[in-house]
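Visitor: First to last, the protein sequences are chains S and H. Its first residue numbered 27, the first sequence is counted upward by one per residue in this note's numbering. Its first residue numbered 27, the second sequence is counted upward by one per residue in this note's numbering.
What the hints contain is simulated information worked out from the structure, not anything from laboratory work. Values in this document were obtained by computation on a predicted structure and should not be read as measured data. Every residue gets a Cβ at the ideal spot worked out from N, C-alpha and C, and that includes glycine. Hints may contain errors.
Covered stretches of chain S (chain H as the covering partner; in silico rule of three or more C-beta atoms under 8 Å from a C-beta of chain H) [stated by the list, open to error]: (1) 234 to 243; (2) 273 to 284.
To be clear about the criterion: a stretch of chain S counts as covered by chain H if any three or more of its residues have a C-beta under 8 Å from a C-beta of chain H, and this derived list gives those stretches [what the hints assert, rightly or not]: (3) 106 to 120; (4) 179 to 186; (5) 310 to 319; (6) 328 to 337.
Pulled a few chain H residues facing chain S out of the computed Cβ check, cut under 7 Å [unchecked claim]: (7) 141; (8) 144; (9) 149; (10) 152; (11) 168; (12) 175; (13) 315.
There are 2 protein chains.
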Amino acid sequence: MSVELTSLPDLYAPISDRLSIVQDIVNKELTSRHPSVNELSRHLANYHGKMLRPALVLLSGQAAGGLTPTHEILAAVVEIVHVATLLHDDVLDEADMRRQHRTINAMRNNETAVLLGDFLISHAYHLCSSLDDLHAARAISATTNVVCEGEIIEVNNRQNDALTEDEYLEIIRAKTATLTATCCALGAHYACDDPVVESALREFGLCSGVAFQIVDDVLDIAGDESDTGKSIGRDIEEGSTTLPMIHAIRNADTSTADTLRAMIRGQKPVDIAFVQTTLDRTGSIDYALDVARGHVQSALEQLGRLPESPALQSLTTMVEFILRRQS
Amino acid sequence: MSVELTSLPDLYAPISDRLSIVQDIVNKELTSRHPSVNELSRHLANYHGKMLRPALVLLSGQAAGGLTPTHEILAAVVEIVHVATLLHDDVLDEADMRRQHRTINAMRNNETAVLLGDFLISHAYHLCSSLDDLHAARAISATTNVVCEGEIIEVNNRQNDALTEDEYLEIIRAKTATLTATCCALGAHYACDDPVVESALREFGLCSGVAFQIVDDVLDIAGDESDTGKSIGRDIEEGSTTLPMIHAIRNADTSTADTLRAMIRGQKPVDIAFVQTTLDRTGSIDYALDVARGHVQSALEQLGRLPESPALQSLTTMVEFILRRQS
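Extracted from the complex, chain S is given alone in its bound form (with noise of 0.2 Å):
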């Protein structure tokens, strides 16, 4: 999720204490005592952007009862698993750039960038498993079970031109939703003894992470570059089949619509103007984001469920701001 930076000191000023410690403690686990593996963890900072998954958990916590040591160390685990699949992606879409930084495999290489993403992954686990129950190790990798099996049907469904939006919902929900429903919901597991809390907050982090990969997805055709800092257009180019491109499809006339199919195969270069063209016409960047805005507005029905804190109010305006970002 991003939201404008801008903004973040405000809507962090509930935990902005703790986020530091958070830091620290992904410092600390990420440590070796070989040098050339520091080196290698001192450019993960570019990796780190806005620390959403640990303010998740923090607000989520902060939201539902109050905070406790337990929450820093998970916010620091979420961070470390979501930096872990950021490594991974990163060899995965042959992407050069990250923030404005070189990535990992583009500055080393393919395998410093798998292993460092295995070893991200394994001290996300080890410091998970340091707490003094069970609970949190098991939800962490029923997570991270199904953010894997996302990641593999969406590269098994690439060039598929014949997605379903249903099909879509369901990867993006995997590979997504599921780690910011996660960091909700440990964040008031660990807060309170109240299972309709819990399901609250997990119910807001599956739906904002939902609507923040359709905006995501959006930009990717409709953004802005030099907002976006991405060249456009880059997952009809791997042949990833978007929300925006599913309804154009449907509702596209029969030729254009077999154009798009034919750039999404990878038949067809990508002509992002005609793309652009077509899904104004269509009106497929407006339905797509409606079908966020539905998402925006089941994720804020849950937070009314909560009592209002200062906490509710930053994860409310969080969850607004998904369909304003730019970037």
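Model the placement of chain H on the given structure of chain S, informed by the hints.
Guide: Just chain H now, with coordinates in the frame of chain S:
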């Protein structure tokens, strides 16, 4: 670790009924509700090989006092961890074949092999966290921390023609022997409450793993391709400096040593006949096998601290076999 196939039924006699349960646990853990994931998992049958790590858990447990259902689960966990490392190793080594079958990366692509490895490691931790206590989760994640670190350091030392014997031993302890040590230690831990037995079996696993890896590296240079099923000289090709080469560089005349160094640095083509003749003259294969023999001896001494049993006899035979490996 690899031993002659004909002897496995005898070696495994004390645990044969358990090993099929272990395979069932592995299969069940990796079964997905997505047919495309199951189709991938089916290919993993070629990766399981001789199930030596599960056998180490079970034989150690048996030798230390007796088996419990926890041993079967842990045996499944270490096998899944091992197969995950093979999947990523094959990507790193760009290997096309494993045990006379095409690798997942060759059959599909690197992306799928990386993600399937991630899927497996996640399921290993998931299975581990299904146990009633945290000891195993902590031991397994601490072990994979070390394994990953060892692999990173190995990759960092590619084309390092100045690698010392101590550095080499530290790498193989980390990347190979830590897991075999943990297999044996966990087997003991869940069988008895005797730290002396647990420590003896951990040390047995560590020494056996080191000996195994040294012999593996010897076979890469001096093995018979028709026995090993792999082409000879791959380690030198990829710039890995192994014990026979370290010894030869130390003991050959300056000009010959320079040639060996240039091959490791990729500055001269690998001339395996020249390498073999040189290592024969410097006695470097014998030297490496002597170091392996010393570790086998240490492993056997550890077993001397346990009472006689059929399982102990199997462990003894397994470690003695290491020096007679041809593949």
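Visitor: For every hint, state whether the structure bears it out.
Guide: Here is how each hint holds up against the structure:
1. 234 to 243: violated (count 0)
2. 273 to 284: violated (count 0)
3. 106 to 120: Holds, because 3 residues of the segment 106 to 120 of chain S bring their Cβ atoms closer than 8 Å to Cβ atoms of chain H.
4. 179 to 186: This one holds; 3 residues, not fewer than the three required, reach chain H with a Cβ under 8 Å.
5. 310 to 319: With 0 residues closer than 8 Å to chain H, the segment 310 to 319 of chain S misses the three-residue bar; violated.
6. 328 to 337: Since 0 is below three, the answer is violated.
7. 141: Cβ of residue 141 of chain H sits 5 Å from chain S, so the hint holds.
8. 144: holds, 5 Å
9. 149: holds, 6 Å
10. 152: With a closest approach of 4 Å, the residue 152 of chain H hint holds.
11. 168: holds, 6 Å
12. 175: Since chain S brings a Cβ to about 6 Å from residue 175 of chain H, closer than 7 Å, the hint holds.
13. 315: Given a least distance of 29 Å, the restraint on residue 315 of chain H is violated.
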